[in-house]
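> Produce the entire structure from the sequences given, and follow the hints as far as they go.
2 protein chains.
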Amino acid sequence: MTKFALTPLAATLPSTVPFVGPETQERAMDRAFDARLGANESVFGPSPKALAAMKAAEIWMYGDPENYDLRLALAGHHGISADHIIVGEGIDGLLGYLVRLFVGQGDAVVTSDGAYPTFNYHAVGFGGTLHKVPYKDDHEDPVALFFKAKEVGAKLVYLANPDNPMGSWHDGATIKAALDDLPDGTLLILDEAYIDCAPVGTAPNIAADDPRVIRLRTFSKAYGLAGARVGYAIGAPDLIAAFNKVRNHFGMNRAAQSGALAALADQTYLQTVVSKIETARQTISEIGRENGLIPLPSATNFVALDCGRDGAHAKAVLGGLVARGIFVRMPFSAPQNRCIRVSCGTDLNLSTLRRILPDAIAAAEKG
Amino acid sequence: MTKFALTPLAATLPSTVPFVGPETQERAMDRAFDARLGANESVFGPSPKALAAMKAAEIWMYGDPENYDLRLALAGHHGISADHIIVGEGIDGLLGYLVRLFVGQGDAVVTSDGAYPTFNYHAVGFGGTLHKVPYKDDHEDPVALFFKAKEVGAKLVYLANPDNPMGSWHDGATIKAALDDLPDGTLLILDEAYIDCAPVGTAPNIAADDPRVIRLRTFSKAYGLAGARVGYAIGAPDLIAAFNKVRNHFGMNRAAQSGALAALADQTYLQTVVSKIETARQTISEIGRENGLIPLPSATNFVALDCGRDGAHAKAVLGGLVARGIFVRMPFSAPQNRCIRVSCGTDLNLSTLRRILPDAIAAAEKG
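Protein sequences appear in the order of chains A and B.
Okay, so the first sequence: first residue is 113 according to our numbering, each after it adds one.
Okay, so the second sequence: first residue is 113 according to our numbering, each after it adds one.
Quick caveat, the hints were computed from the structure, so don't treat them as lab data.
For clarity, every value in this text was computed on a predicted model and none was experimentally measured.
Among the hints, a few may not be true.
Pair by pair, the computed Cβ-Cβ distance ranges are [claimed, not checked]:
1) Gly265(A) - Gln217(B): 20 to 28 Å
2) His251(B) - Ser445(A): 50 to 58 Å
3) Gly297(B) - Asp350(A): 37 to 45 Å
4) Asp350(A) - Gly479(B): 17 to 25 Å
5) Ala164(B) - Thr391(A): 47 to 55 Å
6) Ser463(A) - Thr136(B): 19 to 27 Å
7) Lys161(B) - Arg139(A): 39 to 47 Å
8) Ala353(B) - Asp146(A): 26 to 34 Å
9) Ala435(A) - Asp459(B): 30 to 38 Å
10) Pro126(A) - Pro311(B): 38 to 46 Å
11) Pro229(A) - Asp225(B): 51 to 59 Å
12) Ala424(B) - Val386(A): 54 to 62 Å
Every beta carbon over 10 Å from chain A, so not counted as near; a handful from chain B, in silico [said to hold, decoys possible]:
13) Thr119
14) Thr136
15) Gly175
16) Ala187
17) His189
18) Ile192
19) Glu201
20) Ser397
21) Ala446
22) Arg467
23) Ala475
For each residue, glycine too, the CB sits at the ideal point set by N, CA and C.
Here's what the structure looks like:
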């Protein structure tokens with residue numbers, strides 16, 4: 113800074129981004145990706161009814177700061193009352209508000225080593241101290257997470273079910289049973305971004321009023337509205353009301369509000385997407401196996417492919433794909449970084465992957 | 113909270129909203145407003161090219177976290193380089209990030225009594241101590257603001273030019289000259305949300321590199337994209353880069369990015385809107401005078417109408433309009449709260465106002 117003093121906390125923060133966007137990579141390569149399979153977006157797109165609703169929105173008006181219609185519809189969808197629901201600018205936005213509400217300088221938070229980095233970004237951004245536990249057999253480990261939370265007196269513990277980046281999951285009963293060991297004073301952030309792609313029973317049967325848990329959901333994945341920025345949280349009403357202390361009340365895009373409402377109403381379309389996701393997961397797994405990679409089971413809209421060696425090798429495979437026009441990402445931490453992570457694509461996307469992957473692996477083998 | 117401890121700061125914050133939305137009022141009245149003239153939106157809407165661009169956006173993709181294309185276009189528009197520009201979720205979103213970067217518990221900030229409440233919301237939300245100076249003849253008073261900033265050692269001082277809610281303005285030379293008295297260590301937030309509606313010369317000729325000032329602009333007013341949530345800031349590159357420490361990198365709606373880009377490119381459309389705004393200001397002023405109210409000069413897309421008595425009377429006039437289906441707002445603080453604030457409307461909106469206002473005033477007179 114030239115002459116101004118950031119807060120002591122802000123001065124310590126790096127000016128970095130949790131993820132480099134594919135557009136940045138395209139500009140650096142001076143070419144567009146042929147297949148965009150790295151951000152777990154839904155290539156199948158949103159319901160046509162959502163597109164029509166967004167088109168009809170009167171974008172000259174600010175959105176309703178209460179997100180009333182959407183919250184009411186979500187309440188109906190989940191069989192709860194609307195005071196259990198807060199809508200925000202994607203799960204990323206809601207995570208920021210949630211961390212801000214609970215975490216001050218030196219407060220402990222717990223997550224898994226290699227789990228969603230945007231949670232870490234917010235936790236560090238508000239002065240929190242991050243404690244990480246390892247994955248266990250490529251799964252986030254609720255027992256270890258809650259044990260660590262007790263050990264460090266965590267304000268927040270983060271658990272994604274299904275998990276990103278591995279695609280693994282626990283059944284809901286396992287999560288619910290583990291809650292018995294969640295320490296008093298620790299709030300569980302249960303990130304269910306991928307729940308729409310998961311088997312029945314993956315969502316734990318937890319009351320919306322349960323004060324131990326806040327659940328995060330999104331329209332960015334199976335609903336196909338990543339670019340609209342609509343997420344929501346389900347929790348006890350006093351916790352939900354606290355978001356009104358800090359959120360950007362007029363932060364929601366008005367067309368996005370309408371689009372999410374229409375998308376939610378079109379569950380038939382959602383189910384067709386879920387079927388396409390299941391088929392694409394199988395195809396990605398086949399392509400992986402054809403090339404000597406081991407596909408991990410997935411309850412998400414992506415598949416982690418184990419490249420069979422260390423992180424450097426997987427990174428070389430990834431680099432080979434990127435250089436050949438396929439945007440993919442990979443886990444950040446060992447040993448999960450032996451994998452690359454491939455989002456579900458269209459048939460065309462996946463034929464491109466089938467064609468390109470052998471070359472990318474061959475180039476990685478050569479070093 | 114049931115069992116969880118918010119941060120000490122968050123615990124002190126009220127769960128309130130800076131503004132009640134018109135939709136909330138409509139739900140309470142169980143009727144829709146006939147004219148929406150309270151939020152300084154642009155009833156004239158955005159450029160048809162912006163609408164087409166938003167429709168064409170691939171909303172299943174996350175937006176570019178760098179906002180690269182839009183920043184480059186804005187840089188060209190302003191004749192500066194893109195590292196002087198940060199794009200965010202409206203001015204409200206940018207204000208939140210800016211306050212977070214600079215203001216910690218007990219840090220002083222300065223604004224005008226009755227100026228934009230969302231700045232105050234953020235300042236208090238991050239623990240800042242608000243110091244207010246009065247308006248002077250219905251104008252924000254840069255001399256008094258900067259004097260107060262020196263007195264209290266403010267980190268930030270907020271000044272809107274043109275002003276909301278009064279519509280008044282200073283010419284750019286006045287702002288620039290006042291800067292000589294801005295104390296070292298105080299950053300001026302110059303909110304230019306309404307600059308597109310103002311006379312030439314209202315924007316001060318300040319270098320984008322000037323480390324004393326950050327300027328805020330928006331697509332929500334004359335550009336007609338309030339519901340899209342696109343604002344930007346212009347400042348010195350090291351200040352601009354600091355936003356990357358705290359912002360929601362993937363927070364921008366992808367369609368909004370495209371819409372803003374197309375809106376910026378269509379300056380011809382913008383000028384037709386500005387003409388319509390000027391005509392509507394004259395009409396609102398006429399309607400006010402016809403009813404014994406005094407229109408204040410305005411460089412914005414609204415007109416403050418002086419109801420000639422105190423805040424209680426203006427509030428009664430406002431209540432009469434709202435009850436009769438016209439959404440308007442009014443200043444929060446005396447003596448500006450002797451006015452109601454009417455946004456520019458369509459011809460139809462303003463004929464409705466012309467028809468309704470006498471009844472609203474008569475009802476207010478009766479008490």
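> Indicate, hint by hint, whether the structure satisfies it.
Verification of the hints:
1. The beta-carbon spacing between Gly265(A) and Gln217(B), approximately 22 Å, falls within the hinted interval of 20 to 28 Å.
2. For the pair His251(B) and Ser445(A), the beta carbons lie near 57 Å from each other, so the given range of 50 to 58 Å is met.
3. One distance hint, 37 to 45 Å for the beta-carbon pair Gly297(B) and Asp350(A), holds here, with the actual separation near 40 Å.
4. Checking the proposed 17 to 25 Å range against Asp350(A) and Gly479(B) shows it is violated: the Cβ atoms sit about 40 Å from each other.
5. Between Ala164(B) and Thr391(A) the beta carbons are some 34 Å apart, a value that contradicts the proposed interval 47 to 55 Å.
6. Distance hint for Ser463(A) and Thr136(B): a CB-CB separation of about 51 Å, inconsistent with the stated range 19 to 27 Å.
7. Judged by the Cβ atoms, the range 39 to 47 Å given for Lys161(B) and Arg139(A) is violated: they are separated by roughly 24 Å.
8. For the pair Ala353(B) and Asp146(A), the beta carbons lie near 33 Å from each other, so the given range of 26 to 34 Å is met.
9. Between Ala435(A) and Asp459(B) the C-beta distance comes to about 58 Å, which lies outside the given range of 30 to 38 Å.
10. Roughly 43 Å separates the CB atoms of Pro126(A) and Pro311(B), a value that falls within the hinted 38 to 46 Å.
11. Distance hint check for Pro229(A) and Asp225(B): the Cβ-Cβ separation is about 43 Å, which falls outside the suggested range of 51 to 59 Å.
12. Checked against the hint of 54 to 62 Å, the pair Ala424(B) and Val386(A) passes, with Cβ atoms roughly 58 Å apart.
13. Its beta-carbon lying about 4 Å from the closest one in chain A, Thr119(B) breaks the requirement of being farther than 10 Å from that chain.
14. Residue placement check: Thr136(B) does not keep its beta carbon more than 10 Å from all beta carbons of chain A (closest about 6 Å).
15. Its closest Cβ contact with chain A, about 6 Å, brings Gly175(B) to no more than 10 Å, contrary to its assignment away from the interface.
16. Every C-beta of chain A lies more than 10 Å from that of Ala187(B), the closest at about 15 Å, which supports listing it as non-interface.
17. Its beta-carbon lying about 20 Å from the closest one in chain A, His189(B) satisfies the requirement of being farther than 10 Å from that chain.
18. Distance check on Ile192(B): its Cβ is at least 16 Å (rounded) from any Cβ of chain A, clearing the 10 Å threshold; non-interface status holds.
19. Not every C-beta of chain A lies more than 10 Å from that of Glu201(B), the closest at about 5 Å, which undercuts listing it as non-interface.
20. Consistency note on Ser397(B): stated as away from chain A, and its beta-carbon is indeed over 10 Å from all of that chain's, at 23 Å minimum.
21. Ala446(B), annotated as away from the interface, keeps every beta carbon of chain A farther than 10 Å; the closest lies near 25 Å.
22. No Cβ of chain A approaches the Cβ of Arg467(B) within 10 Å, the least distance being about 23 Å, so the stated non-interface status holds.
23. Residue placement check: Ala475(B) keeps its beta carbon more than 10 Å from all beta carbons of chain A (closest about 27 Å).
When the structure is compared with the earlier hints, violations turn up for hints 4, 5, 6, 7, 9, 11, 13, 14, 15 and 19 and for no others.
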